[in-house]
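Visitor: Here the protein sequences come in this chain order: W and X. For the first sequence, the working numbering begins at 1 and goes up steadily by one. For the second sequence, the working numbering begins at 1 and goes up steadily by one.
I should point out that these hints are in silico values taken from the structure, not numbers from a laboratory. Be aware that one or more of the hints could be misleading.
What the hints assert, rightly or not - Computed cross-link-like contacts, SDA-like style, restricted to lysine to any residue with a CA-CA straight-line distance of at most 20 angstroms:
id	chain 1	residue 1	chain 2	residue 2
1	X	K7	X	S58
2	X	K111	W	A49
3	W	K3	X	H100
4	W	K103	X	A65
5	W	K7	X	K7
6	W	K3	X	A65
As the list claims (entries may be wrong) - Reference listing, derived: stretches of chain W covered by chain X, where coverage requires no fewer than 3 residues with Cβ under 8 angstroms from a Cβ of chain X:
id	stretch
7	45 to 59
8	82 to 95
9	113 to 123
10	136 to 149
Every residue gets a Cβ at the ideal spot worked out from N, C-alpha and C, and that includes glycine.
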Amino acid sequence: MAKQPAKGMAVYFDEFVFSSYLNSTDQTITPETPVVTSLGDAGPRRLMANYDVSHSDQGFMDTLDDSYDEQLFTAMGEAGDHCLSKLPTGIAEASISYDSLVKISGEPRSAAVGGAILLNFDSQGSGGIVRGVVLRSGAAVVGNGAGQNLGATVAGQELAVMFRVIAVAGGNIIMHIEGGAADPPAVDIAGLTTSTMTVPGCERVSTVAATNAWKRVVTAGTFTSATILVTIGVVMGTG
Amino acid sequence: MPKQPAKNANIMVDTVVMEDDIDSFSLTVTPEVPVVTALSDAGPRRVVGNYDYSLDISGANDFAAGMSDATLYNLCSDAAGGPVGVDPTGATPATASDPHYDGTYMCSSYKISGAVGGRIDFAATLVGASALVRAVA
Chain W
1 MAKQPAKGMA VYFDEFVFSS YLNSTDQTIT PETPVVTSLG DAGPRRLMAN YDVSHSDQGF
61 MDTLDDSYDE QLFTAMGEAG DHCLSKLPTG IAEASISYDS LVKISGEPRS AAVGGAILLN
121 FDSQGSGGIV RGVVLRSGAA VVGNGAGQNL GATVAGQELA VMFRVIAVAG GNIIMHIEGG
181 AADPPAVDIA GLTTSTMTVP GCERVSTVAA TNAWKRVVTA GTFTSATILV TIGVVMGTG
Chain X
1 MPKQPAKNAN IMVDTVVMED DIDSFSLTVT PEVPVVTALS DAGPRRVVGN YDYSLDISGA
61 NDFAAGMSDA TLYNLCSDAA GGPVGVDPTG ATPATASDPH YDGTYMCSSY KISGAVGGRI
121 DFAATLVGAS ALVRAVA
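Start from the sequences, fold in the hints, and give me the full structure.
Guide: What follows is the structure, given as structure tokens:
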């Protein structure tokens, strides 16, 4: 692994692939570091507290039905949180994935003579951020995915999974995570499961129970074809 | 010791060598200098109190295990902060001319960004959480 060109970066907003609309993307984590320097100290003293997350993404408007413009406009009016994932090295399994829950704070549409119409959006964190990995991606098939050694988690650490169904046809799809001390991991991890999904969408679930090092995605359902992206990691600030 | 090109500098964050990812850094020390000017003074008068310091670093991000991305992300949730060393000359402090600036820092901001035609960048602001030491031989 080396330094990366921006070209390979993947951006997913809910179940939508935004990488093909965007030409620039930022993600900023801002920890609170209140100063607690006393009169007797030499140099500063600080505490590490909570943190905030913000995103700024710039792109080109696409007004095609059910496309970027409509997706963002619809999302802005929704009360719930949105899944926003940024994958600096792409979506191959085991790639790094930053997973945020966000609310949209602005989406300016702008145009000027000689230029393309722009559609940017800013979003603010509305849940803990995860620096995780891709556990499974691409075309889904019923059965067990490959196991990955992600390291064990201890009780209290929040292990979060972002399940994305990017496309599904022919029926429903259900996914859950199995864990184990060795490969293949075959013990269901309570709470890390999707609903019965019949349309594309994103669901984030988590557990604070201890888990073993190996994990895999198990896919079931009546679907005839589906495309998925499943990312997993520990929520920042939970241990 | 002559003036130094930036190329010589070494920066270590949480024991991870970072100068192979960093292309720009700025260490800023900000002393408190409260004004104590009296009515009868000509010009200002100040006293020196404590100080603060911060380190801005930026460069091309490396997402491999234990490299710049993982190191900075982990520092952003490290309640104890982490040791950071700024070594302007890149040399062991064998003499008084090879200072190492060492302190414990916390992460105040960590940004990942990318744009068409460019690389994936990082920019981080680390803030002091201990005394800053200018170590020399």
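Visitor: When the structure is checked against the list of hints, which entries are broken? Sort them ascending.
Guide: 3, 4, 5, 9, 10
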